[in-house]
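*Asks:* Listed here are the chains, written in short residue letters.
There are 2 protein chains.
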Amino acid sequence: MPELRKDPILDRWVIIATERSRRPSDFAPTAVPVNTGESVFSPGSEDKTPSEVFQIGRDASAAANSSGWNVRVVPNKFPALHPDGDLDSRAVGPFDAMNGVGAHEVVIENPSAAWDLADASVEEMGNVLEAYIERNKVLSEDERFRYILTFRNYGSTAGASISHPHSQIIAVPVVPKQLKDQLDVAKAHYRAKRRSIYGDLVRQEIESGARIVEENQHFVVLCPYASRFPFETTIYPKRQQHDFTAITAEEKLALSETLPRTLKRIKNALNNPPYNMMIQTAPITSPRPGQSDYWGTIAEDYRWHIDILPRLTQVAGFEWGTGFYINPVSPENAAEFLRDS
Amino acid sequence: MPELRKDPILDRWVIIATERSRRPSDFAPTAVPVNTGESVFSPGSEDKTPSEVFQIGRDASAAANSSGWNVRVVPNKFPALHPDGDLDSRAVGPFDAMNGVGAHEVVIENPSAAWDLADASVEEMGNVLEAYIERNKVLSEDERFRYILTFRNYGSTAGASISHPHSQIIAVPVVPKQLKDQLDVAKAHYRAKRRSIYGDLVRQEIESGARIVEENQHFVVLCPYASRFPFETTIYPKRQQHDFTAITAEEKLALSETLPRTLKRIKNALNNPPYNMMIQTAPITSPRPGQSDYWGTIAEDYRWHIDILPRLTQVAGFEWGTGFYINPVSPENAAEFLRDS
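Which chain is which? The protein sequence lines are W and E, in order.
Residue numbers for the first sequence follow this note's numbering, so the first one is 8 and each next one is one higher.
Residue numbers for the second sequence follow this note's numbering, so the first one is 8 and each next one is one higher.
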């Protein structure tokens, strides 16, 4: 019998279709090919991207936009949102519109096109996290922005148009509804119980153990109870913290081991599948016009985390029409496979 | 400058990235191939599917599950939800679960595997609509169900695993959150103004004309102001009606012309692209235990409609992480192309 499961924070139902349950080897994902050649993100091609806004590794004496970097952050050449201009929020007949003001940056994670984040050394992963954190901090000072998403598309079927390893950072001028819905639930839970709903969740998942992929001193890696997709995986910090950029040096070091190891498990279990990875963090909490006390207990009630979605199944009419998802692999099975991978 | 637009009913933002704007010919969708062979849904293979629950076209004297049908509805052989059993709603630690009770049926739209809904005659489309309506009515009598989605996946990248032309009907035991959110907005609008928000929207879209693909006596075909996807298209009835199955004979005839013509425009403009089509209708409104007066003014405030989503772009980390969508074709451009196609 299939099982309907509800995400406790998102109010989203999924169908765990256990009779359709499959082993990882039953999926035939097209393995993401390794890019062994040069790309527009390769050293020596720095003039093919917009001028860099951050880099790690190059001597302070060297010229900007020259080679010698380990990680390099540049504005997206074809940005979804533009960094200049006013928001100009306006009514258009019955509709609401706003200028597409925002930031869209590319984190080039390594000089080598063939390098893979799943194989990153602690130092390499640390550099990438450092780039994420620094750019998040700088962008959060722009008063026009409300929310910043750091994400990674791996493989063309996961939306990556350039195969050289990179992540993206997009700052948007409104808080997404799907985050607001989560914040509302987290706030209500905190008001009622004086505890973070994420803390309750993580503790009970550890006690159960059934969906745990890995637990270490600072992080818990698990397959969510109401996973939308086969092998969906979330990394939670054990310490209550709403803001990803407030990670401690010790946590950063632990994440530099935990995140590549988690990606490696997925790579091993599923033959290097395409995936999307998103760092889900709180909206920018420094006061914006008209919202000085808007965020309330967010530091206590919301917790940042990293979602990894292997892209093995199609999103189709049923999912678009209902917001329900059909997942042919139970998270318990997925966690077991990933633990052993 | 890109533009941020908010859907007036869904509170969902999209980025219309006009600087990335492209003509239909700039998309290179893989044209959905025509299936000229036999399939498990072909006449003569009736024993390869579960026993039919509805058919049109066969003589009353002929045996069930024999050939001679024009449209045939069968339970899905690999159902996402099971028709038997109790719901058994229960708490699992901090989570909510329910048995995966529901219905999952396949509407085989035509005996010929090579036939296409975009080329359907009025009579053929009328038969398919008749099958949708009859099965929706029968399933809505089951007290365990709350919502029924009728949808169509066209092409393998849109999730179709069998290419013989078919639609699917899924009945679920809970009302999806994304529909509840819309119902809440529609109800609040009605309380404030005594008008349907859908009626207001359709009227203003007709007045503007910019996003209208076609208007006839009974239906309006338009590209929504906050389209998530390039060439996203919605068909609204002009008459206020929350329940798709309550369509009049005259409306059914008009829809039998309007829907194939709309699909044909998309087929012509975009080289036979994959798409998802969903009939969005009200939840089952006959009272269920504990909700005798739950639906209030739904007959006046919500309006059924048909969404068509051509699948030309990838959903990636940004969309999963924020619920925002980036659309490289403005709905005004899309409507203009479709009007001329």
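Mixed in with the good hints there might be a few duds.
[Stated by the list, open to error] Chain W is nowhere near these chain E residues, computed Cβ spacing over 12 Å in every case: (1) S58; (2) G64; (3) T320; (4) G324.
[Unchecked claim] Not everything, but these chain W residues come out facing chain E in the computed CB check (under 8 Å): (5) M8; (6) P9; (7) I22; (8) V145; (9) D207; (10) E221; (11) H225; (12) Q287; (13) V322; (14) Y332; (15) I333.
Hints were generated in silico from the structure; no laboratory data involved.
Owing to the predicted nature of the structure, the values given are computational and were not obtained by experimental measurement.
C-beta: ideal position from N, C-alpha, C; glycine also.
*Asks:* Give a verdict on every hint.
*Replies:* How the hints compare with the structure:
1. S58: holds, 19 Å
2. G64: holds, 25 Å
3. T320: violated, 8 Å
4. G324: Label violated. Min Cβ-Cβ 3 Å, cutoff 12 Å.
5. M8: holds, 6 Å
6. P9: With Cβ-Cβ at 3 Å, under 8 Å, it holds.
7. I22: Since chain E brings a Cβ to about 5 Å from I22(W), closer than 8 Å, the hint holds.
8. V145: violated, 19 Å
9. D207: holds, 6 Å
10. E221: It is violated, given that the least Cβ distance between E221(W) and chain E is near 20 Å, above 8 Å.
11. H225: This hint is violated: H225(W) lies away from chain E, its Cβ roughly 22 Å from the closest one there, beyond 8 Å.
12. Q287: holds, 7 Å
13. V322: holds, 6 Å
14. Y332: violated, 10 Å
15. I333: I333(W) check passes; min Cβ-Cβ to chain E is 5 Å, inside 8 Å.
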